[in-house]
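Reassemble the complex: the two chains are provided individually, in unrelated frames, and hints are given to aid placement.
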Amino acid sequence: MFFFYLVMFVLPVSIILLAIWLAKKDSENDG
Amino acid sequence: MDDTDIISVANDPWSIGAFVAYLVMVIGIGIYASRFSSQGISEYFIGGRKMNRFVVALSAVVSGRSAWLLLGVTGMAYAQGPSAVWAVLGYIVVEVFLFLYYARKLRNFTENRNCITIPDFFAERFGDKDGRLRIAIVTIFLIFMIGYISAQFVAGGKAFASGFGMEMNTGILVTAIIVVAYTIVGGFLAVSLSDMLQAIFMILALVLLPVIAIIELGGLTSLLQQLALMDMMYVDPFAISVGAAIGFVGIGLGSPGNPHILSRYMSIDDPMQLRYAAVVGTVWNVLMAWGAVFIGLAGRAVFPEAGMLPAADTENLFPMLAQQYLHPVLFGIVLASIFAAIMSTADSQLLVAASSVVRDVYEKIIKKDEQISQKKLVFLSRSVVFLLVVISLLFGFVAEELVFWLVLFAWAGLGASIGPTSILALYWKRTTRAGIFAGLITGTLVTILWYYTPYLSNLMYELIPGFIAAWLATWLVSLYTTPPADSETSFRQMREIQR
Chain A
1121 MFFFYLVMFV LPVSIILLAI WLAKKDSEND G
Chain B
108 MDDTDIISVA NDPWSIGAFV AYLVMVIGIG IYASRFSSQG ISEYFIGGRK MNRFVVALSA
168 VVSGRSAWLL LGVTGMAYAQ GPSAVWAVLG YIVVEVFLFL YYARKLRNFT ENRNCITIPD
228 FFAERFGDKD GRLRIAIVTI FLIFMIGYIS AQFVAGGKAF ASGFGMEMNT GILVTAIIVV
288 AYTIVGGFLA VSLSDMLQAI FMILALVLLP VIAIIELGGL TSLLQQLALM DMMYVDPFAI
348 SVGAAIGFVG IGLGSPGNPH ILSRYMSIDD PMQLRYAAVV GTVWNVLMAW GAVFIGLAGR
408 AVFPEAGMLP AADTENLFPM LAQQYLHPVL FGIVLASIFA AIMSTADSQL LVAASSVVRD
468 VYEKIIKKDE QISQKKLVFL SRSVVFLLVV ISLLFGFVAE ELVFWLVLFA WAGLGASIGP
528 TSILALYWKR TTRAGIFAGL ITGTLVTILW YYTPYLSNLM YELIPGFIAA WLATWLVSLY
588 TTPPADSETS FRQMREIQR
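Those protein sequences? They're chains A and B, same order as listed.
Quick note, the numbering used here runs 1120 ahead of the 1-based positions in the first sequence.
Quick note, the numbering used here runs 107 ahead of the 1-based positions in the second sequence.
Okay, chain B solo, but in the shape it has when bound (with noise of 0.2 Å):
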């Protein structure tokens, strides 16, 4: 690693200590959930659906804002301005409709039928006896997720690099160490609780430094003059071709495909607060988002030129910013943002991952006819977080390179496949078993074709294409082919809630 990389912190004994009370904190919140989470698999997994709203607001939230929001959107609007707003606009929204609509019917339908997993509830929805609709679902998670959990390692990685200067691959392996510890031990309650306390490093690092920033290069109106002094594309928030805005926006299709958030909404104790999640998760959401635009326009009226970067590279401005601007201390909250981010999205898809291994290949396909003890239940999903985790490592050490571009690759991925697929799931009775998997394999094709097609790539992000022809495979099947003869009582399960 070049020392231009390093903006290190390792001699700051302020900075350190911040970061390490936060990281004494997420460990102490994983031994405070172990003994929940031991009782059984519902417990692990789901957190035995007693999670309160303000808990599934907040771990919704930022379980789906990984490094890409910190690093990569504030490095966004660094380089081209306030249309960045457009790739963070689209998620928003769509997930205000996910937490009031979406959700609730996942929720109450999950519950009644007694599923904890996504591909639980899509066997359960189309009668899924032979564990074929299971098998696809779980060999999509599989081949996105693992790619997905290795990104986050790098990037924590790529956190300590720079931040303390610490070798590259000794950064990922204590990221994942520190990931697996709490996971392992304190199941879901462990990430929800400790993705609680990671949205409020990620909004106080998020909100702080830009304020700051602002004020310190005279206002917002002095700002304003600078960045458009130096290019009116700095203050134009339409200075974005229409292909571009469009697929920017079109990154929100992806939440409702990313089990790692919809485990999230199974997880509320009362689907009713779901409403005031919506509001709460809102709220998060906005002001991260746009914290993070605000960043990036500071960012360039102090740093006019990119060279002025360590490795002149746009997704270390967060860090820079921060160490010029913030009191050491601050300074290390910012450090733990950045691996709050990487952590709570980590630690949900490691939960994600194991739940489809455990509950749903070997509990209701390979020991399908045997009474399996929860003691037993818990302990191998314990030792398959362990085990994803040692893959994943493997994989980030081997590709190093190649996983950045996992991330809105998987994101695409899940997002077109699992996201027409549960919307047409939920809400239009005529869905059937064959048009899921369609939808399915429609969505996974399209997404790798389309990015594996330069010229289809550069037109527009693989997930828009991908998403719509799921959607209409789904659509298609499943006009010519017939629905589950429940679906009645599925619907009307979808609006029950049990008391």
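With the rest of the complex left out, here is chain A (with noise of 0.2 Å):
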């Protein structure tokens, strides 16, 4: 059950952390 909790839930919320991380890298990048 370990790795379905993980596929279906921390994966999941990892890509939309990923999304917001990189977004918000890329604004401070542009200073």
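Worth flagging that the hints you see were computed from the coordinates, not collected in a lab.
All of these numbers come straight from a predicted model, not from anything done at the bench.
Treat the hints with caution; some may be incorrect.
Claimed, not checked - Simulated pairs of lysine-lysine, BS3-like, Cα-Cα distance not exceeding 25 Å:
no.	chain 1	residue 1	chain 2	residue 2
1	B	K157	B	K536
2	A	K1144	B	K212
3	B	K236	B	K475
4	B	K157	B	K212
5	A	K1144	B	K482
6	A	K1145	B	K482
7	B	K212	B	K536
8	B	K236	B	K212
9	B	K157	B	K482
As structure tokens, then:
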């Protein structure tokens, strides 16, 4: 069940956090 | 059609009311957008580059997600459990990067060079004076797009048949009439605004249904216990072969090559807002995709045998589960969401195919040195949209059974030919016109040959080898040919934003 929770809950949240982090980084690079 | 195929709501006024309300809104958007879209072909085909970040985010995401997500992925999760996640993971991650990096370069360059189509972009980037590059790309578009649009119409016919007990061919015709009505009148603005509405319908259906179904089944723990008792495969996301997993994740390689997604990026008013669109688009993509997988899992608990579904077709799970658990009004919304997925893809593809005929063939090649009024171009664009609908309809009627494989095949063909070539055109200064030709031809041929070789097609989805082969061909041929003299200027224009 560990992998189920990992893939079905942790993975989608991580993708959203990755998008937010990259967008923030991109905005900081523009100064 | 067998009676068991029907999940009819024809007698429920609430469901019909919700569905009709959705259709009225879509047609209303077409009429609202018609004045703006009549101003010129830039307005008609890319909304005059005036779309805001929210519209672009949702429109890019739902244009890329056809009925495959609602019917196909839910059915896949029903059949093989949470490993269906790998089929959605690839395109979601790829699109994060497209929104953030690729899209801005494409948007800046196409505005600086006044390009309104993808062939326009390639022609400007590689100084295509004789128009051969345009012709090659338009040919690839039309080969894959007609079948792709037909598939959407046939999916609409199928949904009308199962939802309203309507005869299949009548359903196909009704779907086409609705799409053509607002696309011809309202152009890109209507398509983008209706995409927003469709995105809301889709997310409502894909999030609400699994939440309600899981609560009704006694909660997540209870659902997982039931699934584990049936087969551990239904709770194991890794119950899949490595080859199949790679093929699933590889579906994502199609996103940078599908022009109906790329034209959304070109339409944003402020390219710096693409980072906002990336976040909104990703949230939407994730919720819709994981919602679809959870629907499949809940569906397995409710209908333990596929034979319990109409015609034993796993693609009927989504409407069946909705009928089981939702109020008729919400069920009407679920049905509308299936049409939303179909229409948001078909309308965007129609505009892209029409734009490549009117802008790239007629305006830029046939009438190359002539001044044509915007009014005439818009009229012509509307006529071509109509003509393409008629061709797609005929194709759909003749090849009803054949068109479904065309969706994945077209996604692969466009992804393998346009994807690697456009990425290299945007990121590698050494890319040459000859290299692009090599990539386009290799990507298309490898996709087709791979698909038609049973041993290879069983091994892996044709997009992956097609994409890699096209990338290598573009790179190798570019190494031995001369890049355009203005590559430096082109790269500067990919960074420059017009104010």
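Evaluation of the provided hints:
| no. | hint | result |
| --- | --- | --- |
| 1 | B:K157 - B:K536 | violated (29 Å) |
| 2 | A:K1144 - B:K212 | holds (18 Å) |
| 3 | B:K236 - B:K475 | holds (10 Å) |
| 4 | B:K157 - B:K212 | holds (17 Å) |
| 5 | A:K1144 - B:K482 | violated (43 Å) |
| 6 | A:K1145 - B:K482 | violated (44 Å) |
| 7 | B:K212 - B:K536 | holds (13 Å) |
| 8 | B:K236 - B:K212 | holds (23 Å) |
| 9 | B:K157 - B:K482 | holds (20 Å) |
Figure legend: structure checked against the earlier numbered hints; hints not met, in rising order: 1, 5 and 6.
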